[in-house]
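Could you put the whole structure together from the sequences, leaning on the hints where they help?
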Amino acid sequence: MESFLPLYMVTPLAAAFLIPLVGRVFSAFARTITPLVFLLLLILGIHYLLSGISSPLTYEVGGWQPVNGIPIAIYLVLDGFSTILLITINLIAFLAAFYSISYMKKYTAENNYYTLFCLMVAGMNGVVLTGDLFNLYVFLEIAAISSYALVAFGVEKTELEASFKYQVLGGMASLLILLAIGLLYWATSTLNITDISHILMIQGDNKIILFIQILLITGFGLKAAMVPFHAWLPDAHSSAPSPISAMLSGILIKAIGVYVLFRLLFNMFTLTYEIALTITVLAVLSMVIGGILAIGQQDYKRLLAYSSISQVGYILLAMGIGMMVLAQNGAKEIAALAILGGLFHLINHAVFKGLMFMNAGAVEHATGIRDLAKLGGLAKWLPLTSATSFTGSMAISGIPPFSGFFSKLIIIIAAIQANYYLLAFLAALVSIITLAYFLKLQKNIFYATFPEHIERVRKIPFTMKCSMVMLAILCLAMSLLIIPGIRDIVLIPAVEVLID
Amino acid sequence: MTSIVKTVTRLVVGVIFIYGIYIILHGHLTPGGGFAGGAIIAGAFILLVLAYGSDMLKLKAKEAGSSVMESLAILAFLLMAVVAFFLGTKVFFHNYLPKGIIGDLISAGVIPLYNIAVGIEVAAALFTIFLALVIFKEESK
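Note that the protein sequences, when read in sequence, are chains A and B. Counting from 3, one number per residue, gives the positions in the first sequence under the numbering used here. Counting from 3, one number per residue, gives the positions in the second sequence under the numbering used here.
Mixed in with the good hints, there may be bad ones.
To be verified - Which chain A residues face chain B? A few, computed with CB under 10 Å, are given here: (1) S5; (2) P8; (3) A18; (4) L20; (5) Y61; (6) V63.
Unchecked claim - Estimated spans, in silico, between C-beta atoms of each pair: (7) T34/A - S5/B: 51 to 57 Å; (8) A389/A - A66/B: 24 to 30 Å; (9) V70/B - W66/A: 30 to 36 Å; (10) P58/A - D57/B: 54 to 60 Å; (11) V70/B - D502/A: 45 to 51 Å; (12) P58/A - I108/B: 38 to 44 Å; (13) Q205/A - A63/B: 42 to 48 Å; (14) W188/A - E141/B: 45 to 51 Å.
It should be emphasised that the hints constitute simulated quantities derived from the structure, not laboratory data. No experiment lies behind these values; they were computed from the predicted model shown. No residue lacks a Cβ here, since even glycine has one placed at the ideal position from N, Cα and C.
In structure tokens form, the structure reads like this:
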């Protein structure tokens, strides 16, 4: 069963390097093969999820057996937590690639775009699957470097500036992460995550491990755009082509930021209250400041980018509460509930933020304008985009029966059960702020009077519409994950991986 | 460039090229390997372009060629890794060729083949980057 794991790296990589060769001859090759690859990987992921195998799958690359109990091979590990991440990555990648078919026609060098797209997804799949720290760093760089190039894809002044800023800060993050991995290798003489966790458990508390944890939080905090480290995100995510913005905001900051951070903090290090408190404070800052900054934005995609910072704050907050409860030896049920809320919000956010960026791309495609003050009254011209945008807005602001409501509700309930009333209050308050700026967005674009300077509104092509509608349906359908039978298959295995 | 540079380049470039190939082929025996050897080979090509001037059309043709080589080298590397799925213990990246005697030039199974693929890839990639920069500079003149 586990022999399908390398496919998650092999197929996107093979597609990425076939495109520049075959794409020279057949111009349609790139845009057909890319969505097909992600569809295949998505189906594989769902097939594994439904097969009901409860024990995690491990795969030794190269077939190297452990010597004297010390693992030598690079391990690929698929457990509950990585399964839901893999499925989310390939789902959003498939829809974004499908959306790109029409959207990218106005750009030149389509082949380069699809090559970079496949490389980015290969990197993210690798980060999620690998069980080896250095291998993780390599895949992280593959994903990050291709995303730098994709942000600059328009090669205009703003895109290049945003990409440069992103590269400098991303490079610093990678440096800190590499330093932390180096120190960890020095302290434990191994790079296998499971092996390191065994050794750290025997070694017990020491100062160098605390230092490594701080380095990792800073490094992955930069990648995940937590608030003191968020400066690059609004520029980078608003300058990229829209399907790439959907990938970056929906998936990339979670796969190479949030996911790795919690994988390492929960499964490799021993939880301490101080680290848990740090995460929670950063989470609250991201949630509140991201939300407040989003209100004042006049650029469609910048507003969405700030909203991403705020929503990632929710995920971190839930995880932080879970860590604080676990570190104080509190009730495991409360910690499990908080982590469940965080993971649920992580998947939900990927879906609705992907949808919102695709809507932004559709509006930009139809009118060529991103400034909220210059748009208005588009509901009459773009009824479908207006409806999907409304769905996305309601889901992200947490209005029942959309999926965002349930994940935010679980986070707030967990905060109250753990007696963090202030955190619960702030989570509810930011939810109202979110509703405020999404209503502003909805009104300024779709409902106000139609401005006269817009000469014509172009039609939205079929593939773009199709991706948007699918994500809008998912916004509603994801609420089903809260039903006990489905929750036990999808979310509970992931929670168990983190708690044990 | 002056005839001094051209003559010295003509004399030296072959030696550099052979040295790069030597480093790649001995990758499994001595320090170095695909990456280091590939960088040396790219150096030989770059030296030639620097000494013998830059005709735009020829450079563009060269860039197209080297980027095709780059993709082909990576695909060859992937193919060798994937072939392991079907041979021997059927594990990704498994070393399925006979290992030979330690210290011989032809030993260590697939590893020399991987090194050759990496060497071509690195040489082509570095040369493509160099050409892209030269073409960019020529075009913006």
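Each hint, compared with the structure:
1. S5: holds, 7 Å
2. P8: holds, 4 Å
3. A18: holds, 8 Å
4. L20: holds, 7 Å
5. Y61: At 8 Å from the nearest chain B Cβ, Y61/A passes the 10 Å test, so the hint holds.
6. V63: Check passed: Cβ of V63/A comes within 5 Å of chain B, closer than 10 Å.
7. T34/A - S5/B: 51 to 57 Å: holds, 53 Å
8. A389/A - A66/B: 24 to 30 Å: violated, 46 Å
9. V70/B - W66/A: 30 to 36 Å: Hint holds: Cβ distance 34 Å, inside 30 to 36 Å.
10. P58/A - D57/B: 54 to 60 Å: Hint holds: Cβ distance 58 Å, inside 54 to 60 Å.
11. V70/B - D502/A: 45 to 51 Å: holds, 50 Å
12. P58/A - I108/B: 38 to 44 Å: holds, 40 Å
13. Q205/A - A63/B: 42 to 48 Å: violated, 59 Å
14. W188/A - E141/B: 45 to 51 Å: holds, 48 Å
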